[in-house]
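**Q** Spelled out, the chains give:
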Amino acid sequence: MSKLSFRARALDAAKPLPIYRNGDIPDLNDCVSINRAVPQMPTGMEKEEESEHHLQRAICAQQVFREKRDSMVIPVPEVEGSITYYDRLYKGDFRQTKQLIHIQPFGLDNEQPDYDMDSEDEMLLNRLNRKMELKPLQFEVMVDRLEKASGNQLVTLQEAKLLLNEDDYLLKSVYDYWVRKRKNCRGPSLTPQVKQEKRDGSTNNDAYVAFRRRTEKMQTRKNRKNDEASYEKMLKLRREFSRTVTILEMIKKREKSKRELLHLTLEVVEKRYQMGDFSGEVLKEVSAPLAEKAVFPAPVCLPNGNRHKMESKIKTHKQQPSHPTRHLSAHSEPRFDFTRPHRKYGRRPRLDAAPRPPGRPPQRPHAIADGDIKQYDFHSSGEEDSPLSPSSEPDEENDPDGAFIFRRRDGCHYLAPLGEQRWCSPPGLAWLADPGQRNSLTALSVPRRWVGVSHRRLGRGGRIVLDRTSSDLDRALRLLDPDVFCPSTASVTHHHMHTDTHVNAATHTPPAARTNPQCSLAQLLSNIQACRVRYFRPRPLHENGKEGSKKDALQHDDRKGRGTFAVANNSRTSLSGGITEEQFQSHQQQLEQMKQQQIAQSIHQQGVQPQGLQLPQTMQHIPALPERSHSHVTTMVSTDSVSKTLDSASAHFAASAVVSAPNQESKPHRAGINGILPCQGPRQTKFGRPAAGASSTSSVRPSGGPPRPAPGVPQSLPHGLGPLSSG
Amino acid sequence: LTSVVELVEGCRLPVLRKNQENEDEWPLAEILSVKEVPGKKLYYVHYIDFNKRLDEWVTPDRLDMKKLQFPKKEAKTPTKNGLPGSRPSSPDRDVVRDHTGSLLPTTFCAYLSTAQCPRSTNLHPTLTLKIVRCQMNGTTRRLVPSQPGRKRKNCGTDEDSQDSLDGIPSAPRMTGSLVSDRSHDDIVTRMKNIDCIELGRHRLKPWYFSPYPQELTTLPILYLCEFCLKYLKSLKCLQRHLTKCNLRHPPGNEIYRKGTISFFEIDGRKNKTYSQNLCLLAKCFLDHKTLYYDTDPFLFYVMTEYDSKGFHIVGYFSKEKESTEDYNVACILTLPPYQRRGYGKLLIEFSYELSKVEGKTGTPEKPLSDLGLLSYRSYWSQTILEILMDLKSDNGERPQITINEISEITSVKKEDVISTLQYLNLINYYKGQYILTLSEDIVDGHERAMQKRHLRIDPKCLHFTPKDWSKRGKW
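Protein chains in written order, with our numbering: chain S, 1 to 727; chain Y, 1 to 475.
Treat the hints with care, as some may be off.
Partial list, derived from the structure: chain Y residues whose beta carbon lies under 7 angstroms from chain S [unchecked claim]: (1) Phe50; (2) Leu204; (3) Leu219; (4) Lys236; (5) Asp294; (6) Glu408; (7) Gln451; (8) His454; (9) Asp458.
With a cut-off of at most 30 angstroms between alpha-carbon atoms, the simulated DSBU-like pairs for lysine-lysine come out as follows [stated by the list, open to error]: (10) S:Lys15 x Y:Lys356; (11) Y:Lys236 x Y:Lys321; (12) S:Lys161 x Y:Lys236; (13) S:Lys183 x S:Lys172.
These aren't lab readings, by the way, just hints derived from the structure by calculation.
Remember, predicted model here, so these are calculated numbers, not experimental data.
Idealized CB from N, CA, C, for every residue including glycine.
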């Protein structure tokens, strides 16, 4: 045998190895086993264990015998087979399926209690069962719930009662038993559980803590750097989904309540009908004792189809408290905005976030009012049954109220709106100046008279609806000449430029009015003249607009009767009161001029075309226009024979609306097609109905409850103009 | 002669035990713990050079007091636990080691921390007293605990008992981390904590520590539901549980069935409860398994045997969904009642069948246990020999094959192929090149072994589509 005198090459895994059988190599002795040229592979065992006696013995045995020898196997602790009761314990009725078993995800968790009754429990059960029926499963469910509701602190009996919907005696027995058992229990829970880690790291070395979560450092293997981020996103998603579930549950609850109310109302009405209580006498008699939570016979349906306006009616007069500071909030009107509740969870905390308590002295009246308005928002959505409302954070984008936005705060109890009380007990004139309130002195052109205090809103089809309010000025106003304030062009331009500050100015005046309400009429008038208090009056009619305006006026009158409860109100348009008659007037004059120019121009360019044919098309593209013309146009367009019914007056208004946008630029011919510039949203405020302007700024918001002008007013104008200019 | 009372942890002495031939043997053992039950003392002993699974509680009459060695004074250079052996490290274990990385507590500290933990005091009734005494004396006796860690053998068993007179005062060791709980941890995890587990028709004696809820560790028998593996403290509870548990198979998809043998795939993330219960049970028989972290990144393949009661668990292996080190098995276990009947090899074979479907080679995660090493070696040997012996020479040439080809065919990682060839002593150098020689006894031994190997995996019965777990959101 030759001594290995050369250096063997390394074993190459890619190189073919010829296979020799024993007899194939006659000179086998020449064959050198040079395993040492091949790097010795580790066994993969812990070094110390590798040398253990039984293993070494077994390895040797295998090397020698090439197979296992029973005496040489590694000994292990014994196993005891054949448990005698096994067959009784496990039922032998399982049949194998033909197909491979495929489990459904989520199909596994049946709602069985984790707790398993022991023999001690069985004794209790036997004892209890002498008096009542208590099934083992029922008992286990009870204990299971108690266990799961208890952390270190056991649930109290009161909590247990809420937790378990059981008979009192049974509950008490089980609860007492559970408390006793739990106290004697050695483990942290009656259902033994693997010890869980504590987040403070104190359990890092606890041998009994197992299955720690891998969150501190997710196993970021290659290609999954973003795992942690996505994990957190999922967590967030989960949180938000669970919120959604909560909200939906609340909605469900609310809708149920509503249905119940409807049924009850129906029942009441039927009963009254049977009784012949047509005058409401009986009802009044019956409901007198219930005054505190007075119920009105029927939910009031508004003409615009609003379905949640009962509150203002339902709230009782008697509840009218003598909160002197409450009045501010009391004047706000509930308005339900469907989009609202879903936006509760904004992101950014804001500095001025804290909602002011309703009872706080109104140093900044409008701010408080805003808060209260929202507060009623909440309630008008019917969520009274959950008095502790979740906090809310409206997004700025959709809330022109800016810093004064109301946000619900967690855990606060928000009171229901006080409804009509405000009309009955006018607290003064302060609120008139409150831009948040949108109430203003109002006069009508036809018939020429004061309406009193009211606020405007846009009704269906662009109609103006005046919600009238009674005040102690009513009598005085009735005698007043509506034309007492003559609009002056001079003042118009002034206000034009100061629209923004206008509102603020108004807020500064009220203190005087508030402190001294009685001497207020004269002061008020002067305030109005000084534009410190809002005053609204429709623009005097143009000759050719008369017919339509009459209709308008009629509509106003129609609505006036219901004013007090027709309470749709865009409470968030804080600028709403900021437009005066003067501004309105001057704009109309400007519009008139521009319109004439425009018409002349278009006629000049396109030859004479019947206006009536063009305009309807145009108008169809313009969903919202300054209110008056709009109300006409929509009326007209809705009929089939558009061109026939579009009278000259309407056409006139429509035209004025069309041109109104560029007009306010004061440079009508500056640029754009045919001298018409794309409108810029905010400008709209100054001549259009204020709310329209406001909504154009908040065009992102999906349309709320009451009909409003479609959001895209400014944007749609250029399109609308297309046919006019080029067609 | 020293009295029994003076036996403390760390003492070594011959202890009577029966070997497999039921003969008396007196292997040297180390006392790891002492406890008093009414009427007598019990000693938890570890037989030196025997696997931990044979550690047990013994009565004093099994101790040979004549040859008692007291703990050595100086041998206590604290040893590092979990010294990496010849295995490459796995990420998981590395984390654990880093966590407990403040190694090397002084023995004294070890005692302190043991004493500070009220739960362990019942294990060391005398210990606390001693420490108190030490502290009151203002002196520190070198209290020598059992040397945890795997280097204990290095302490030598043949040393005389020169320092057996404990009580030589020396300065307290103030170096080392006081708070390191690893030693305490170790004394806890070194000892079996469950006496007996009843699973289905079997009663199993656990081999190692398992972190079942601590309140259950005092029970004479821990009851497990055979199908969902839920742990219960009493037979009554198990009965009650069985009225509610309608599982008759592991809660996963059956991906293999041939005859009565089935395999179920369980996602450690989707089926946490079962996965955890399975791990707790498996830990009883796997020394190096860690349950430190959750089961999310693992898949569990449970092998079952079917009868009219349902699919009974025989064994399982776990597998990382994504392994960076080519591991195709993390932990693997045949439950003791089914051991030595070919199921282990079946499990291993199945794991390689999965790798074949995946088109990868794989290797089991290290460290291997003694039984693991034997099983894998046996599987590798048989698999490789099967290939080598089936090779036919075409056109009169000597058959030949590369290691890479063997690896590709079998999905056994190259290194494992080489180590097996080495182990079987097949690689030889002949006339300037490496050759494989199949000796007579190798061939015979293989043929005999293959005759006994009835249980085989039939790849046709496998219905398995590997998932790409690297895709986002899959695990």
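**Q** Against each hint, give a clear statement of whether it holds in the structure.
**A** Each hint, compared with the structure:
1. Phe50: holds, 6 angstroms
2. Leu204: holds, 6 angstroms
3. Leu219: violated, 10 angstroms
4. Lys236: At about 5 angstroms, which falls below the 7 angstroms cut-off, the nearest Cβ of chain S leaves the hint on Lys236 (chain Y) intact, so it holds.
5. Asp294: holds, 5 angstroms
6. Glu408: violated, 11 angstroms
7. Gln451: violated, 10 angstroms
8. His454: violated, 15 angstroms
9. Asp458: violated, 14 angstroms
10. S:Lys15 x Y:Lys356: OK: Lys15 (chain S) and Lys356 (chain Y) at ~23 angstroms, within 30 angstroms.
11. Y:Lys236 x Y:Lys321: violated, 38 angstroms
12. S:Lys161 x Y:Lys236: holds, 28 angstroms
13. S:Lys183 x S:Lys172: holds, 16 angstroms
The structure is inconsistent with the numbered hints 3, 6, 7, 8, 9 and 11, although it conforms to all the rest.
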